[in-house]
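Engineer: Residue numbers (the numbering used here), protein chains in the order written: chain A, 1 to 115; chain B, 1 to 113.
Be careful, since some hints might not be right.
[As the list claims (entries may be wrong)] When the alpha-carbon atoms are kept at most 20 Å apart in a straight line, the in silico SDA-like pairs for lysine to any residue are as follows:
no. : chain 1 : residue 1 : chain 2 : residue 2
1   : A       : K80       : A       : G52
2   : B       : K105      : A       : V60
3   : B       : K1        : A       : L47
4   : B       : K108      : A       : L47
5   : B       : K108      : A       : Q45
6   : B       : K105      : A       : G41
7   : B       : K105      : B       : S7
8   : B       : K71       : B       : P8
9   : B       : K105      : B       : V45
10  : B       : K105      : A       : I53
11  : B       : K57       : B       : D69
12  : B       : K105      : A       : E22
[What the hints assert, rightly or not] Some chain B residues well away from chain A (every beta-carbon gap over 10 Å; in silico):
no. : residue
13  : L14
14  : E15
15  : N24
16  : S28
17  : T56
18  : N59
19  : D67
20  : S74
21  : D84
22  : P113
[To be verified] Among chain A residues calculated to face chain B with C-beta under 7 Å, some are:
no. : residue
23  : W7
24  : G43
25  : L44
26  : L90
27  : T103
Keep in mind that the hints were calculated from the coordinates and are not lab data.
For each residue, glycine too, the CB sits at the ideal point set by N, CA and C.
As a plain string of letters, each chain reads:
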Amino acid sequence: SQTIHQWPATLVQPVGSPLSLECTVEGTSNPNLYWYRQAAGRGLQLLFYSVGIGQISSEVPQNLSASRPQDRQFILSSKKLLLSDSGFYLCAWSVPIAVSTDTQYFGPGTRLTVL
Amino acid sequence: KNQVEQSPQSLIILEGKNCTLQCNYTVSPFSNLRWYKQDTGRGPVSLTIMTFSENTKSNGRYTATLDADTKQSSLHITASQLSDSASYICVVSAGAGSYQLTFGKGTKLSVIP
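Full structure from sequences and hints, please.
Structural biologist: Shown next, in the form of structure tokens:
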């Protein structure tokens, strides 16, 4: 069966510090991978998605970046965090075939607080 | 602009009662609609998914309906349990590719004894 891991679970960082959040998926090959942010009182916002190693698409311009160094590893980074980067970050995966009924499976999330 | 609106924003019901959550969308072209359940501090978990041709889909005590003409969906929860307390998120796909999703802000349901 497939599982998705995220770490850390919670993180408190000062403004201006760097960020690295990691997501890994087990039990599937060449998944589509996604990073979302969920701010308080708002819906999920897609930040990045990837359909393969080294292939990253950005949905929202910001000071965050994503990388996919391995097939089942997705990393969210920032060189300098802003207060507005606080939120709940979710990684998700879906089957690589783009059919209309495929489902995204979400990880447990990382709660980031920027002070 | 594609949008998904959910109502009510929050809801409190007694254990054992039924409830219905609403979702209205303006997403085009429409591919499918999903309902997710998100426990506090956890990632969302898929409950149902419906395509254009499906009017209703059930998953245990959860029943989702879809009216593609009026662009409305509802999620009905029968005989609520304390474990149903969560946020329920309506998600609409606008194309053949699961990354083209529009998320609602969710309805926060609290089931009290």
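Engineer: The structure should be examined with respect to each hint, and the outcome stated for every one.
Structural biologist: Hints, one by one, checked against the model:
1. K80(A) x G52(A): Answer violated: K80(A) to G52(A) is near 26 Å, above 20 Å.
2. K105(B) x V60(A): 18 Å, holds
3. K1(B) x L47(A): Answer holds: K1(B) to L47(A) is near 18 Å, not above 20 Å.
4. K108(B) x L47(A): Violated: K108(B) and L47(A) sit about 24 Å apart, past 20 Å.
5. K108(B) x Q45(A): Roughly 18 Å separates the two Cα atoms, so the pair holds.
6. K105(B) x G41(A): Given pair K105(B), G41(A) holds - Cα atoms ~7 Å apart, limit 20 Å.
7. K105(B) x S7(B): 9 Å, holds
8. K71(B) x P8(B): The given pair, whose Cα atoms are some 17 Å apart, holds under the 20 Å limit.
9. K105(B) x V45(B): Holds: K105(B) and V45(B) sit about 15 Å apart, inside 20 Å.
10. K105(B) x I53(A): 31 Å, violated
11. K57(B) x D69(B): Measuring from Cα to Cα gives roughly 17 Å; hence the hint holds.
12. K105(B) x E22(A): Not satisfied, since the Cα-Cα distance of roughly 25 Å exceeds 20 Å.
13. L14: 26 Å, holds
14. E15: 26 Å, holds
15. N24: 14 Å, holds
16. S28: 15 Å, holds
17. T56: 16 Å, holds
18. N59: Fine: 12 Å to the nearest Cβ keeps N59(B) off the interface.
19. D67: 18 Å, holds
20. S74: Answer for S74(B): holds, closest chain A Cβ roughly 18 Å.
21. D84: 19 Å, holds
22. P113: 27 Å, holds
23. W7: 13 Å, violated
24. G43: 4 Å, holds
25. L44: Holds: closest Cβ of chain B sits about 4 Å from L44(A), inside 7 Å.
26. L90: 5 Å, holds
27. T103: Hint on T103(A): holds, closest Cβ of chain B at ~5 Å, below 7 Å.
The structure does not agree with the numbered hints 1, 4, 10, 12, 23 stated previously, though it agrees with the rest.
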